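Protein chains: 2
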Amino acid sequence: MNGAESLVRTLLKGGVEVCFANPGTSEMHFVGALDRVEGMRCVLGLFEGVCSGAADGYYRMTDRPASTLLHLGPGLANAAANLHNAKKAGSGIVNVVGEHALYHIQYDTPLTADIEGIARPFSHWVKTSPTAKTVAGDGALAIQAARVAPGQIATLILPADTAWGEAQGVADTPDTPPPPRPDEDAVIAAAKALRNGSSAMLYLGGRALRASGLELAGKIAAKTGCRIQGAGGTARIERGAGRVPMLRLHFVVETAQQQLEGTRHMVLVGAKAPAAFFAYPGKPSVLTPAGCETVTLCPVEGDPIASLEALAAELGALTEKPAGVAQPGRPERPTGKFTLDGLGCALGATMPEGAIVVDESITTGRGFFPYSAGAPPHDWLNNMGGSIGYGTPVAVGAAVACPNRKVIALIGDGSAMYTFQSLWTMAREGLDVCVLIFSNHSYKILYSQLADVGAANPGPRANDMLMLDRPGIDFVTMAKSLGVPGAEVRDLEQLTKQLDYAMAQRGPYLIDVVMA
Amino acid sequence: MNGAESLVRTLLKGGVEVCFANPGTSEMHFVGALDRVEGMRCVLGLFEGVCSGAADGYYRMTDRPASTLLHLGPGLANAAANLHNAKKAGSGIVNVVGEHALYHIQYDTPLTADIEGIARPFSHWVKTSPTAKTVAGDGALAIQAARVAPGQIATLILPADTAWGEAQGVADTPDTPPPPRPDEDAVIAAAKALRNGSSAMLYLGGRALRASGLELAGKIAAKTGCRIQGAGGTARIERGAGRVPMLRLHFVVETAQQQLEGTRHMVLVGAKAPAAFFAYPGKPSVLTPAGCETVTLCPVEGDPIASLEALAAELGALTEKPAGVAQPGRPERPTGKFTLDGLGCALGATMPEGAIVVDESITTGRGFFPYSAGAPPHDWLNNMGGSIGYGTPVAVGAAVACPNRKVIALIGDGSAMYTFQSLWTMAREGLDVCVLIFSNHSYKILYSQLADVGAANPGPRANDMLMLDRPGIDFVTMAKSLGVPGAEVRDLEQLTKQLDYAMAQRGPYLIDVVMA
Chain A
1 MNGAESLVRT LLKGGVEVCF ANPGTSEMHF VGALDRVEGM RCVLGLFEGV CSGAADGYYR
61 MTDRPASTLL HLGPGLANAA ANLHNAKKAG SGIVNVVGEH ALYHIQYDTP LTADIEGIAR
121 PFSHWVKTSP TAKTVAGDGA LAIQAARVAP GQIATLILPA DTAWGEAQGV ADTPDTPPPP
181 RPDEDAVIAA AKALRNGSSA MLYLGGRALR ASGLELAGKI AAKTGCRIQG AGGTARIERG
241 AGRVPMLRLH FVVETAQQQL EGTRHMVLVG AKAPAAFFAY PGKPSVLTPA GCETVTLCPV
301 EGDPIASLEA LAAELGALTE KPAGVAQPGR PERPTGKFTL DGLGCALGAT MPEGAIVVDE
361 SITTGRGFFP YSAGAPPHDW LNNMGGSIGY GTPVAVGAAV ACPNRKVIAL IGDGSAMYTF
421 QSLWTMAREG LDVCVLIFSN HSYKILYSQL ADVGAANPGP RANDMLMLDR PGIDFVTMAK
481 SLGVPGAEVR DLEQLTKQLD YAMAQRGPYL IDVVMA
Chain B
1 MNGAESLVRT LLKGGVEVCF ANPGTSEMHF VGALDRVEGM RCVLGLFEGV CSGAADGYYR
61 MTDRPASTLL HLGPGLANAA ANLHNAKKAG SGIVNVVGEH ALYHIQYDTP LTADIEGIAR
121 PFSHWVKTSP TAKTVAGDGA LAIQAARVAP GQIATLILPA DTAWGEAQGV ADTPDTPPPP
181 RPDEDAVIAA AKALRNGSSA MLYLGGRALR ASGLELAGKI AAKTGCRIQG AGGTARIERG
241 AGRVPMLRLH FVVETAQQQL EGTRHMVLVG AKAPAAFFAY PGKPSVLTPA GCETVTLCPV
301 EGDPIASLEA LAAELGALTE KPAGVAQPGR PERPTGKFTL DGLGCALGAT MPEGAIVVDE
361 SITTGRGFFP YSAGAPPHDW LNNMGGSIGY GTPVAVGAAV ACPNRKVIAL IGDGSAMYTF
421 QSLWTMAREG LDVCVLIFSN HSYKILYSQL ADVGAANPGP RANDMLMLDR PGIDFVTMAK
481 SLGVPGAEVR DLEQLTKQLD YAMAQRGPYL IDVVMA
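First to last, the sequence lines map onto chains A and B.
Under my numbering, the letters of the first sequence match residues 1 to 516, in that order.
Under my numbering, the letters of the second sequence match residues 1 to 516, in that order.
Excised from the complex, chain A in its bound form (with noise of 0.2 Å):
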């Protein structure tokens, strides 16, 4: 057995069952060891922040690792911002990482690159892999970083030498350390917080905004009279009819000030104090109210649903009813020209049970939440890292996690051209995702983001660099030239007859949403 059919055994043994791969010369062992190892799932992306985002989005969904397999430092570089995002969100990836025989580095050929330097920023564990004979236990050890609470970032580096030569066997996982458990005195402290009332607040993020994690934040609530408030970046709510519902901090400085106002004492559960997405001169970076008093329940790397628990004992409110769950309903089909408020609309009425909303709709959709609250239960997936390009490969990831479920890629115009590349995935997987592009033709949050940061009233020159009306980009054509067939709508009837014959059939479809 040659090292790399010893990694693809050890990841499998691992329970890291599936790869999304962009292989080169240098990973053509491992390649070749899919055919004599049964049950690895290999995805093909045609471009590698694909394979990154789609890794993402799968370990949203499973709470377990996938793969990656990258052409050296060049392959990781173009993975690495939704590898950003990925490890922003607390997603646990194991990235295969082809490098030179070890004994060719030093001839400094076109490929030869700082793979560990390229990797560190992207990354919270990083090895090169001596020999063929380390390999099985390096990609353990990768395994068990990737699953360290919430997810890490893991990259596996992987010298040609050492995928060809010969190997040891196979390698055990070793067991991941859980999460630290509930500190007593940080429960004590938030339970004495809450105990406020409507001046306190349950302010979630990461795991917190589970089902569980809401409906124990639910019963806090209903005991307390406390506020809940999901962060800003939220990686998966699981939400809909039956679930207590939470709106994410807005971008807008103003608008979240606004959302945290009159809060005295907040308790972070799984989440970072509350903070601007940007810098604006003469706006504050902290959102936290002045004299706010904050208490950590429970850090990012922590257990949010056993620290909610804990603190639902302390509170003595494990058998309340949890405070506003959401009932179901869903809004009327809405009719006639786009407004913000039809498409959230349109999307509430036609979304079933069971769907994977990936939310990239940097301008059109953040108003979206409300009406879904109602709908059948659904989970929603926000970028995490800021990075443009997650959603149609988080998309695909999420497709790949779960076969049976409705995938909605919620993509702004701007964002769908940096990752297109995975409609082909899309399409050759048969994956069941119907991706909405909101084309209103310009990168539009610039704009007010022109005027924030003082640069208002922007003159030709900067104009052009925000408008991609010249030429307009038609996605229906590019989808179809990738094999997703699609149909471009330009009212509110026509969108929810295209959603509703979406959501009816399966495998991808594209629905082109022209507002400009």
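Errors might be hidden in some of the hints.
You can't tell identical chains apart in this list, so a pair holds if it fits in one copy or across any two.
Mimicking EDC-like on lysine to aspartate or glutamate, the simulated pairs with C-alpha atoms at most 20 Å apart in a straight line are [to be verified]:
1) K480 / D185
2) K272 / D108
3) K133 / E166
4) K13 / E238
5) K480 / E293
Read the hints as simulated data drawn from the structure, not as lab findings.
Note that the structure is a prediction, hence the values are computed from the model and not measured.
Given the structure of chain A, go ahead and fit chain B onto it with the hints provided.
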């Protein structure tokens, strides 16, 4: 004047007149300054790899750095693979990367990342400017660094508060120290080596491959009988009728060894000693024949033209007539089914004077050179870093640099999918680029690589990772969706007819050469 404006003015004053940009919030002041400052051509790319590749192509054709404008760590990461290629090609680039305001970084918000860490593996020079007053001076240092021979990657990180704060004024760019003068001992040693006639070889890279360098090499060959060989990676070769022709070192180890066979004395000019692109089991990394003595006349960072001049003078070859000058002549127009030779003939028969060929035809184009040796004078640009997705972005930059010349991009279908966003920029800017896609519906190079690394006879799963035919990609339709017209061709008559049309018109055009 704010820091961003002081930087734009400093760039212009330092001769940096083009910015390939994909800006976000933290770059809005730079964008805003464009309307207050005359002269900066700002070219928008929909993905950062387009911007960095375009800056590479621009430098190769002008020997002057362009700037890029990138959005924080992930924007830089998306640019990195083509920065890797540019770095290996010796292209000078000034990257301007936005960063959070310095006081904001501590809050670790979504886009916070170790930008210097991301930049370092891909840059020769990295600096975060600390205040608005230092931005201009640091920009000038970045230009100076980018100009170091043969060209360097300089990355200037611009925190938002340094962009919006009050600047001190515009900075003058200090002179860049010239490359070292030819070493006299090396000249004498090289002359001695070459006096051995046909057992000696001039091995050329970098600017030795410009027409004047090749002419000097031809004079030396005429005088001494030495052989002339190009390196495997060549950033830009000036070739065609009236010029001294040259073959690149082949990618396949055995073929490269044949090219070098019998060489007892090798003189390196602007090139490193020949090494295999990858390591393969049982094959050498070093390609220089055993017992061959190597003299470095001019290192990669030196001045190849001055070195060849000094060497020709030492040999008394300056007045020689260069050996082997290519006579004008084109191949017949080919007919019938596609063959690799036929494709080379079609190109050689139709390419206009002054064409700039950007070659990323990984499998298909390797044998094209002989068929265009006698075509009208033209430039030929190859990938130096081995990261695919370089071709169409470099074509963008070459076309911006040379608006009156036809750019011909030869792209494999696998490579095309990495940075296809380039086509939109070509349409937007009306760039005169003819893109040929060689659609063999696979990563065809990897079949030979599987055998070379000892993993031959791929099974169905390995095979699946190399095939792009499920679904097939319709490049003409994709181009159309991005505003670029084109046509599909299925035999050599159709191809030459389309090439004639494309060469006669102006603006971007795509020809999909459907080979499988």
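* Which numbered hints does this structure break? -> The structure conflicts with hints 1, 4, 5, although it agrees with all the remaining ones.
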